[in-house]
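Protein chains: 4
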Amino acid sequence: MGNAYSTSTNKTRVGIVNVTGYAGVELARLLSHHPNVEITSISGRSAAGKKLGDVFPHLAHLDLTITAELGAVDFAFSALPHKESSLVVSALLKDGIKVVDISADFRLKEASLYQEWYNFNHPAPELLSEAVYGLPEIYRDNIAKAHLVANPGCYSTSTILGLAPLLKSGVIGSHVIIDSKSGVSGAGRTLNMGTHYCEVNEDINAYALEGHRHLPEIEQELAYLMRGVRPVVTFVPHLVPMTRGILTTIYAPLSGHTENSKTGDANIKALFKDFYKDEPFVRVVDAPPHSKHTWGSNMCLVYPTVDIRTKRIIVISTIDNLVKGAAGQAIQNMNIMLGMSETAGLDNAAIYP
Amino acid sequence: MGNAYSTSTNKTRVGIVNVTGYAGVELARLLSHHPNVEITSISGRSAAGKKLGDVFPHLAHLDLTITAELGAVDFAFSALPHKESSLVVSALLKDGIKVVDISADFRLKEASLYQEWYNFNHPAPELLSEAVYGLPEIYRDNIAKAHLVANPGCYSTSTILGLAPLLKSGVIGSHVIIDSKSGVSGAGRTLNMGTHYCEVNEDINAYALEGHRHLPEIEQELAYLMRGVRPVVTFVPHLVPMTRGILTTIYAPLSGHTENSKTGDANIKALFKDFYKDEPFVRVVDAPPHSKHTWGSNMCLVYPTVDIRTKRIIVISTIDNLVKGAAGQAIQNMNIMLGMSETAGLDNAAIYP
Amino acid sequence: MGNAYSTSTNKTRVGIVNVTGYAGVELARLLSHHPNVEITSISGRSAAGKKLGDVFPHLAHLDLTITAELGAVDFAFSALPHKESSLVVSALLKDGIKVVDISADFRLKEASLYQEWYNFNHPAPELLSEAVYGLPEIYRDNIAKAHLVANPGCYSTSTILGLAPLLKSGVIGSHVIIDSKSGVSGAGRTLNMGTHYCEVNEDINAYALEGHRHLPEIEQELAYLMRGVRPVVTFVPHLVPMTRGILTTIYAPLSGHTENSKTGDANIKALFKDFYKDEPFVRVVDAPPHSKHTWGSNMCLVYPTVDIRTKRIIVISTIDNLVKGAAGQAIQNMNIMLGMSETAGLDNAAIYP
Amino acid sequence: MGNAYSTSTNKTRVGIVNVTGYAGVELARLLSHHPNVEITSISGRSAAGKKLGDVFPHLAHLDLTITAELGAVDFAFSALPHKESSLVVSALLKDGIKVVDISADFRLKEASLYQEWYNFNHPAPELLSEAVYGLPEIYRDNIAKAHLVANPGCYSTSTILGLAPLLKSGVIGSHVIIDSKSGVSGAGRTLNMGTHYCEVNEDINAYALEGHRHLPEIEQELAYLMRGVRPVVTFVPHLVPMTRGILTTIYAPLSGHTENSKTGDANIKALFKDFYKDEPFVRVVDAPPHSKHTWGSNMCLVYPTVDIRTKRIIVISTIDNLVKGAAGQAIQNMNIMLGMSETAGLDNAAIYP
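If you read the protein sequences in the order shown, they are chains A, B, C and D. Whatever position you read off the first sequence (first residue = 1), add 872 for my numbering. Whatever position you read off the second sequence (first residue = 1), add 872 for my numbering. Whatever position you read off the third sequence (first residue = 1), add 872 for my numbering. Whatever position you read off the fourth sequence (first residue = 1), add 872 for my numbering.
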């Protein structure tokens, strides 16, 4: 166990805790195509004892049985809900197993925020400083050294990637409005009236206007990008009748003290292209992107433009919420943590139409 | 012809120019249920000679034939595309027929804006000052006296109704961001790649970031509500995979000089409820509305709230783009112009689910 | 109570038992537009005490509160699930209140079939012979005299209306294949994995191949149309990613002993048109119908054709499953039972697109 | 050119004629993941001169430019419409290039059928006998030796794979009813009212009841499986509101002379499992499959069952119409023709949800 690689296959043995949610099953799909790892254990309480293919027929070719607890692995992903995840992750770390946690349990640095936003006392606050926020485009070096990576939220990923070049360069100040639109899979596989087909189809609505749980995470990371300045963020998520995809539209006034020569539309586009020029999973595009252009892939498409009339910058940022917004980014983090090629298992194109 | 009411049925004879688009056929459906009018003529060039029921089987019970030119009517709706509409409307007015024009041709007061935004020289600029902008909640008295009413755009309707109480009361200043999401029927029935099922399904995208044609209309009306102050508006429309519905999310900073006592969440909600208390087709709701709650009805649902963290106001405003955003509002205008009950033919509930 | 009509409004007081399901809420919507009745009581256990508009915002204009038990009414609809419904219906009948039951509890004449297909001993088998199967196109006269009408299933309605002219005329024999496709609302509002948006969207599947509960009902009614001959029916329902609509495709070999002169395509179409010539809610159409052509209306569209190559008849039959397949047909039955105009409250056109 | 393999990469150079349709672009996506081939030329008249990524942003990572005519390749796919394809294919074959033709132009053995069903005189009837029908599960050996493979239609693929074990074993006779349901991408990328989002969404309809063009292809292949007996086939295709997927429901009476011992449900299931036991892309499943279980993959799922009441067999067969129904099967054929692993480039799991 631990870091000892499996000898029989020479592949790293990975496990997925709670494989029966949408992030978990997407991890199973993507990892099954990964050249350097092998899924050796998958857990899930409600479906324990069942074959993976009986619960998810699209994965019937994988000969895997769901167990109540995770078996021997070299590396683990936790796709448990928040609060539950922290306990399992702590135990895995103690066994010397590196972990990417897809829940929110290690994203926030301030333990008190868990009480405020998630209504629980964090059981392992000492791990919060050790955990690295798993956005490779910002924290790649830290991820490479980490034992515990907190995989970012889907809304947060699209937002931060849309804002990072602007905030780091100071082209905008701290005032930001984030209008985000998500497909239904972001709400998870648990049943509730808000994901019933007939309630969602032919509908769009805004929700969590009193404050969505991704807000503190976004605030924390924008503050980091601004070297400590507190951002003034309004974030409104919307639910859109589609299964996958997030499209985030960001509005921010140009910073008053920026020289005009730097704020033309061409300058802004050049700023983004330069910022992301070596990134395998962020592409700055020349026309407003469609969420569908990322469907099933780990790509984030970013389109910045200047609204000349109002001196505001508009950025459109889009991802597949289950891939770059969850399972794909988790694997990207694993690749970095294990010194593998960052794109291993993630190089498939989006599926269109 | 002219204003002479039909004697045989004692109902006003109405006509629809270009019945074969989505606004036109929705007019036909709604008018067929109207207690005081009778559709006596429908025109449409490409389908001239056909029975309405052959083109639109859901209206097969109406015994109407599409003609190339409009026949004798007392009142007319034009659902032609912009530019074409102005010519037909001018001719109808000369014959003494009152008109509601669903195109954009008489919405803007400045003739030069048609060159700038629609690429044509307006052929009847003298009618622009006479035309009344057909938003009953703002211009009811003028509509009652008008011969020509310019029916507002769908995006504009949801936006202006969401902002009117705020701008009239001065609770917000001139800075406004409008993030609007529309179903596909807003793009019309004309074929293009952007409305192909496979391109739209499982997709969301922003478009017209360089400036949508509803922007000058929105700017004109917001300026009116602010008594001439020029608004600083960013407007970004999005296309959502659903047939009907617009949901508009509006962001505006609270006006600095407003007393704190007036800007609490309860105050803002009370302001809206008071402003719309007598309106039959605007309801201020206590929870974020779903576009689906208006499906097939002439209702606009508005939800204002204060983002206390940032001192911004957020307003959600939603309508069925083909009803309150087009055909339903056109009938509401006709009702007012002809002195009928404003809700005649429009009192059906939304269909859910 | 009982048959004493309310004096204050001169409208019949009607009640809806279990208003919170899709059939129940659709009853509320349609009845609110009915000229001769008034909803005076609505019940629903889980939501008792709430305003109807808080559960269903599209009906917020109706000032109705959901109660645990039904109050004083002249006529009642039961939209309870099977088994539960029979108990409530029995009690209502004892109070002298006429009832349309939307559940399956009084559709089958053989009490033993409830044990076989629904797993319960019918608590009121004596009512089975009294109950009239509520398909007005077949049983109009009996419905007019009935105290209890069993509203047909949605699949059954589309199937029987598609087959009645053929079976009554003997143009086909007893061998029939029924391939039916339904929108998701047919599965009800209760939460289960099969109605989760992400599981249904971009999917089609067949289900209940071992025998769907509408099969005995279909068999019973086809036997009646064939004057007792036992039909040999295969019925396969499918779930389609749309909210409303059923489209049923029926296949049957031409009866061997029919003279050729009666089985041409034109003859078959004429047979159907004659059979349904006086029906307000069945239209025989000249081109394959779309389910969308009935959306929100009480109309059934039927298209028969002969497959000359194989000497089989194909019939396409389509309805809105929540209207002609549930709430609309229930109101049609009520209209007949109370001697009102059969189309009262049901004369709206389908909504398109 | 010709069969000389590219030396620089040691990969076979492949070309796609008409890359801009849905089959063409899906070929480009799948081939870009293929380990043994390289796309070296893509053609498409309307988009000639454009970068592939400008037309299809999800493929922007491929550095390919669309040309008017195909350049030097070792192997070609034609995704042209019927009639146009035969001319291009003939020319390619003369140059010694092996071809998989995705159009219908070489599927039928009788030249006269092209006049009857497609309204054109086949320009290369001499190739019809040479062409191999590209269903590997039936014709694998012939495909391995072929220069020209006619890729089956999407409806035909799902139908024939659902029927082959039954027809070859004689368990059923010649009478078959095929009720097939397809997503919208099967209608292609060309614009027409039938693929407009608002016309398709929330709708299902049957079409081509007078005879769909896949019918002669199905009849030809079923006759082959029955060793020349003429099948009596009714085939009705339906359009379902989803982008991808075909689900075909097949009904056939058990052959009268089959011994009862062979027609139990377990026998039929065993028959199918044995028939397909070595097939990489057909899986006989134990529960009715969902089209979504094949989404994006080359898998065909087949579910046979016996309707004991009526002595009929029901088979459900489902594929992704753009993969096993078009581009994926074309690559499977290429793999066989070039002696590569049959699953090369096609081993990805379906994407769910």
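There could be a bad hint or two in this list.
Since the list gives no way to pick one copy over another, a pair counts as held whenever it fits inside one copy or between any two copies.
Calculated lysine-lysine pairs in the DSS-like style (CA-CA distance at most 30 Å, straight line) [claimed, not checked]:
hint	residue 1	residue 2
1	Lys923	Lys1017
2	Lys955	Lys1134
3	Lys1040	Lys1134
4	Lys981	Lys1134
5	Lys1145	Lys1017
6	Lys883	Lys1141
7	Lys1183	Lys1040
8	Lys1183	Lys923
Hints in this document: simulated from the structure, not taken from any laboratory.
Hints not upheld, ascending by number: Failing hints, ascending: 1, 2, 4, 6 and 8.
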